[in-house]
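Student: All chains, full assembly: derive it from the sequences and hints.
Residue numbers (my numbering), protein chains in the order written: chain A, 16 to 1012; chain B, 39 to 134; chain C, 5 to 418.
Heads up, a few of these hints could be off.
[Claimed, not checked] In silico DSBU-like pairs for lysine-lysine, Cα to Cα no more than 30 Å straight-line: (1) A:K424 with A:K528; (2) A:K297 with A:K447; (3) C:K69 with A:K447; (4) C:K179 with A:K143; (5) B:K85 with B:K121; (6) A:K762 with A:K708; (7) B:K85 with A:K447; (8) A:K979 with A:K868; (9) A:K902 with B:K121; (10) A:K424 with A:K122; (11) A:K143 with C:K270; (12) A:K651 with A:K623; (13) A:K143 with C:K69; (14) A:K41 with C:K270; (15) C:K354 with B:K85; (16) A:K894 with A:K977; (17) A:K894 with A:K868; (18) A:K424 with B:K121; (19) C:K69 with B:K85; (20) A:K895 with A:K708; (21) C:K270 with A:K122; (22) A:K996 with A:K868; (23) B:K85 with A:K762; (24) C:K69 with A:K449; (25) A:K806 with A:K1011; (26) A:K122 with A:K41; (27) A:K868 with A:K708; (28) A:K762 with B:K121; (29) A:K902 with B:K85; (30) A:K868 with A:K651; (31) A:K868 with A:K806.
Please keep in mind that the hints were generated in silico from the structure rather than gathered at the bench.
Keep in mind the model is a prediction, meaning the values are calculated, not measured.
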Amino acid sequence: MTQDNRLPAGGLIDRSRTLSFEFDGKTYTGHPGDTLASALMANGVTLLGRSFKYHRPRGLLAAGSEEPNALIQLERGAHTEPNTRATAIELYDGLNACSQNRWPSLKYDIGVVNSWLSRFFPAGFYYKTFMWPERLWMTYEHVIRRAAGLGVSPRLPDPDRYEHRHDQPELLVVGAGPAGLAAALSGARAGKRVVLVDENPQLGGSLLGSRDTIDGQSALDWVAGVRAELAEHPCVRVLTRTTLTGYFDYNYLIATEHVTAHLGPQASDDLPRQRLWKFRAKSVVLATGAIERPLVFADNDRPGILLASAVRTYQHRFGVLPGRRLVVFTNNDSAYSTAIDAASAGVAVTLVDCRDTAGDAAERGADAAGVTRMMGSAITGVSYRNGLQSVDVMALSADGTRVDGPVQKVPCDSACSSGGWNPAVHLHSQAKGKLRWLEDTHTYAPAACASTMPHSSVGACDGEFSLDQALNAGWAAGGATGPAPSAERVASIGALRPLWVVPCDHPVGEGPKKHFHEFQNDATAADLWLAQREGFESIEHTKRYTTTGMATDQGKTSNVNAIGILASSRGITVPEVGVTTFRPPYTPLTFGAIVGQNRRHLFHMVRKTPIHDWQADHGAVFEDVGDWKRARYYPKPGEDMDAAVRRECQAVREGVGLFDASTLGKIDLQGEDVAWLLDMLYTNAWGGLAVGKCRYGLMLNEHGMVFDDGVTTRVAENHYHMTTTTGGAARVLGWIEEWLQTEWPDKRVHATSVTEQWAVMALNGPRARAVLEALTEDDVSNDALPFMGFKEIQLAGVPARVFRISFTGEQAFEVNVPARYGRFVWEQMVAAGAAHDMVIYGTETMHVLRAEKGFIIVGQDSDGTMTPSDLDMDWIVSKKKADFLGKRSLTRSDTSRDGRKQLVGLLSEDPSLVLPEGAHVVSELRAAPPMPMIGHVTSSYFSPNVDGGRSIALAVIQGGFKRKGDWVDLPLIDGRRVRAKVVDPVFVDAAGERVKS
Amino acid sequence: MFLISCPWCGERDQTEFHCHGEAHIARPENSLEMDDAAWGDYVFFRKNVKGVHLERWTHDHGCGRWFNAARNTATDEFLAFYKPGEAPPADLERVS
Amino acid sequence: MSRYSVFSLVRNAFSYHQNWQRAWRSPDPKREYDVVIVGGGGHGLATAYYLATECGITNVAVIEKGWLGGGNTGRNTTIVRSNYLWDESAALYGHAMQLWQGLSQALNYNVMYSPRGLLHLAHSVHDMQEIQRRGNAIYLNGIDSEFLSPEQVREMVPFMSMEGRYPVLGALLQKRGGTARHDAVAWGYARAADAAGVDIIQNCEVTGFDIQDGTVTGVQTSRGRIGAKTVGVVTAGHSSVMAEMAGFRMPLESFPLQALVSEPVKPVVDCVIMSNGVHAYISQSDKGELVIGASSDAYNSYTQRGSYDIIEDTLQAICEMYPLFTRMRMLRQWGGIVDVTVDRSPIISKTPVRNLYFNCGWGTGGFKCTPGSGHVFAHSLANGDMHAIAAPFSMDRFNSGALVDEGAASAVAH
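Tutor: Following this line, the structure appears as structure tokens:
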């Protein structure tokens, strides 16, 4: 293919190099500087996609990020990206693009039957049908889902990476058109730290598609001068290919820099695909320009009909025009430049103006360029067959509601329209800024800002459409003194005639021709009226009912037209209709960019103990507990978890075992009021605890429910060491700090997390002391270090704190050494233990051993709805203390009632059957659910140590204490019906002798 | 994303902080004499004003301190930041 | 009400859809109603519908300060499920689930209830214990519930990352769980309630309650006083504001909750997937958008905005679980105001003011219960006594401590 539509000269493209690319399997060529859209236009390709609902053929509407139609599946395989706007894709060599939402091909699309049947598919038709029979909805839905959607989601892992950067500019300028460049230059000269962002590859904005002059030079030269000066300022950062997409509270803004989009999949792996910028800006200047809106005329969606400004941009920026015979349809003066510029390039231009007269300069320019003008006229029809053939033009009535007279057929191969300009108020609106309606230009412009997001809007995005004013406003916003740049030519849209719906030869909505205001979602003026007729009067209802503004362009070209159509049909003013909210992001934002580098190993931290690597080297199987990796069991060759755990459990009870307990939460408490604090935090009394002694405690929240437990030890006169559950460490420290800082600031306590400062090794079993004694000269006999005692010793040459506390009911020593010695001491213990056949065990065995003793795990056997009484732990609730956290709640009517769930043991009838954790006890066994539940199994294991090996379980059951000895039923989800006996939850050494040995 | 001014550290991103709801709730000293309703009020009921809300924040990823803020929940505008134990600024207009 | 059907659609097509009736009238408020419902969201409209169609009370007004369904009804992620732990919750949400079935036919409005299956993932031993406890409870409450092995999960969702930072150890499947079209629920109830005689009054803000001798007698509104024998307040995030007007407090806090959708693509996610450990959930709308939500922000606000870092955290979780979505794009992001109770269960209750009832505290999960909430609330208002299913959700529970603590039992809020 040759680039037939490429003009012989002009455009900011590099004609010395030719790039080749593929669209729907055919190969074309373009030049560096092209977008996919401009290259396709150069090659005469106008049919680019199919619409969402009716599958109507669609081509380009715009030249920028507001494009609703030309959505492309870019690249294949792992690099594929659906719904990419052809106007935003910079051409690179080898680019591969496919059209979307068509089958079997773009030209012959079966979905086009929807278009033939479109009469039966008005807005919201799906709410009125597909209801019979009920069971078929899932089938209907299946078909609807397949017809809907646009492109195709990637199916392979993303080969690219993304990153985040932060910046705190004094002045953030969004948009590098004339106003934005003036603001950035002004800010730079005023010495501010400036960041200037623009979504295009080059600076210049609207100047790139114009022939204006500034400060006596061509606009492009002026832009080049500004660019050079900004590059000189060390505190100015200019980011091109960067779209400011989100404006959040307190001037927090995010922007996406498309780092490799212009390079394609061949880009170097060193570069991130996109870089997300997070700005916290002192001041923000929005210079985002304006977006042209199309006129809503009959069959205005046909491929080859663009926005007038887009045609001008294609001509000046890319050196391409959509055809040789162009019809320009307008209600304002701005489109005259399009007509004049195109005519100057040798195109036959007919200008259809719905007004009787235009501005003097516009009319003179058009006439001089040889443009045929048809005033007071409107396009009433479009003839399209594999390309635009002609448009019908008729005279428009004075009130704009009718067309009269003979139909004039104007042959053409391309057309464009201008219905006026919408300031790009999206970011202002995201920032909760208010809008005001401009009566002269018939458009919304920014009004007051929210106090939390102060900013200014300058230039076209402020509703100021002349170049001179844009430069002035931008300059003033930047803060420099000195004269602003000035423009020679003042562009204007002149006197705009609002014409929200262009009539045609049949009543709009009551004939074959369709008047689209919303292209991608196929919403027409008739749909808007239907919504009104059916009572969906609120603009938000209309939007949702007709899906106006809900397409991937978020209504950039359609929203104001929709509001105008509603206002004119209801005979009210536009502001009375109201506006919908623009939501972030301005243009769709890649998930990967939002995620940034926080993937895989950087997604969520993993905490490892000092002994982790040793455990990994020795075959440990790990489990996740909170953020921690904990060794769950250590299988020997051929062992599964059950076998390994049985072996480990038996070995601890019969000999000795070593367990890494480093993940336990540890809080160092110092100060003269620690004992007072402990009395408030725990349910039991702490006054009498001697130095060198440990005590177990339960913590309640103010609701009276158990939320943590642990052992606290008095290390010295005013120095305590508190342990918490692994998962509760941060919560408990926060709890302590909250009370100390907000309620008891006069109490003298310092609380410090020392969880990671100590490696903790638990030696458990009848031979635990023997292992310890092999490594220390200090006296660790039962007299010197009795149960619930504490001592500091030298262990393997390392200073160690040893606590005689036990979570297994065995003789036990919890050895704490500074974390950096953890692995060394561990290895010394392993070596010393060899003589005693010591086993290394993990959390699973720990769970079994503690369950054998009926020790609870907070969060497993209790769930935030259990009081100490419920857990049969009344013994730990002081009756004497005047107060402690949660005390009052224990006597509320519900907490003190009978029939609460209480902790008991369960023994299944079949001793080999391990009850599933989470199985429920029912009060009445029925053939099928529902069955009334009275409790559930909280912990359940096979214990090799009970009755020579059998299953045991802990459960919470309503009135459980009184049910001991009863048989209860547990109907399982797999259909099995199991019986178990309610027993005391202590299965081993009920007298508690072993722990004191 | 708020910009929060810790009374000890100055302005920082919201991500460094956590909010803990209504401020200035004193823990009852006579809880054992309170009826269930009064105690329930203390445990479960929090002000939920649309307007100026006095609330507690912690600078978790910073100094770790608790402090109070006055924020208009209808606009998310912060009106004051102050230390625990201090009274809220007197001139906070109630907005709703 | 002219019935909707494929035939009415064809018939109207030939008159260019000029003859469709209003879905609901736009009446001026009468001087007095038997029941005034404050709040025109899904729950309020459903209440009015059941009052008129089941309780024989048709002299009912629904008063909405903005537009119908403009609050959380139109801002949620449209998930429908009833996989709750406690019996009280199971009864309430199970009741709703029964009403979802056949709702389109009952309302003559396609609410697109799509029982496509809902997966709740477990990532740790603790998660497994939690879903097993909950799954068994759901099963014994007579609600469909099934455990899936990692292999079965992989079969249902082949692109899920099973071995990442949060490995998938299993899942709980509720086959009747799924989605429904949120706007259609509000509009369908509104149209059917209107047809049954209910006055739906939009753009009418309640500014106060008329209370005489401890009994409510009407409401003051921006359109004047409206008398009422009974008033039901169903105003979600603004319930505390309403309670303050009536002179009492509600144990609620209003938090921002955010959600987002991607650009539409062809079907890729065929069920709803959520998990406790990774705070994000995902489904795909019939239009093709990935619908994604997460936890609420943790500060009180009425601004319908949240903090951006929540979006970032949410998408990190989504991309960790479903790495193929990193090249997908976020199309729209928004927030709502959710009224949250301490126990993460709703309040359906009498109040200190006679004949004034509140239905609130649905937190992050009210949409799924729209039919059930409206149904039990309507019967409670009609009888002057709380429906048996609603009774445990009285605000008195915050005095006695008899919470329905879905939060403590670690069901993540949705």
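Student: Do the alpha carbons of K902 (chain A) and K121 (chain B) lie within 30 Å of each other, as the hint requires?
Tutor: 29 Å, holds
Student: Against the 30 Å threshold, does the CA-CA distance of K894 (chain A) and K868 (chain A) hold or violate the hint?
Tutor: Given pair K894 (chain A), K868 (chain A) holds - Cα atoms ~26 Å apart, limit 30 Å.
Student: Compare the distance between the alpha carbons of K143 (chain A) and K270 (chain C) with 30 Å, and conclude whether the hinted pair is satisfied.
Tutor: 24 Å, holds
Student: Are the Cα positions of K122 (chain A) and K41 (chain A) separated by 30 Å at most?
Tutor: With a Cα-Cα distance of about 13 Å, the restraint between K122 (chain A) and K41 (chain A) holds, given a limit of 30 Å.
Student: Check the hint pairing K179 (chain C) with K143 (chain A) against an upper bound of 30 Å on the C-alpha distance.
Tutor: 26 Å, holds
Student: Given the hinted pair K902 (chain A) and K85 (chain B), is their Cα-Cα distance within 30 Å?
Tutor: 24 Å, holds
Student: Do the alpha carbons of K651 (chain A) and K623 (chain A) lie within 30 Å of each other, as the hint requires?
Tutor: Given pair K651 (chain A), K623 (chain A) holds - Cα atoms ~23 Å apart, limit 30 Å.
Student: Given the hinted pair K270 (chain C) and K122 (chain A), is their Cα-Cα distance within 30 Å?
Tutor: Within the cut-off at roughly 20 Å; holds.
Student: Would you check the hint for K85 (chain B) and K447 (chain A), treating anything up to 30 Å between C-alpha atoms as holding?
Tutor: Cα-Cα ~26 Å, so holds.
Student: Below or equal to 30 Å on CA atoms is what counts here, so check K979 (chain A) against K868 (chain A).
Tutor: 17 Å, holds
Student: Given the hinted pair K424 (chain A) and K122 (chain A), is their Cα-Cα distance within 30 Å?
Tutor: Measuring from Cα to Cα gives roughly 26 Å; hence the hint holds.
Student: Could you grab the alpha-carbon distance between K868 (chain A) and K708 (chain A) and see if it respects the 30 Å cut-off?
Tutor: Holds - the C-alpha atoms of K708 (chain A) and K868 (chain A) are around 22 Å apart, at most 30 Å.
The structure fails hint 18 only (numbered hints given earlier).
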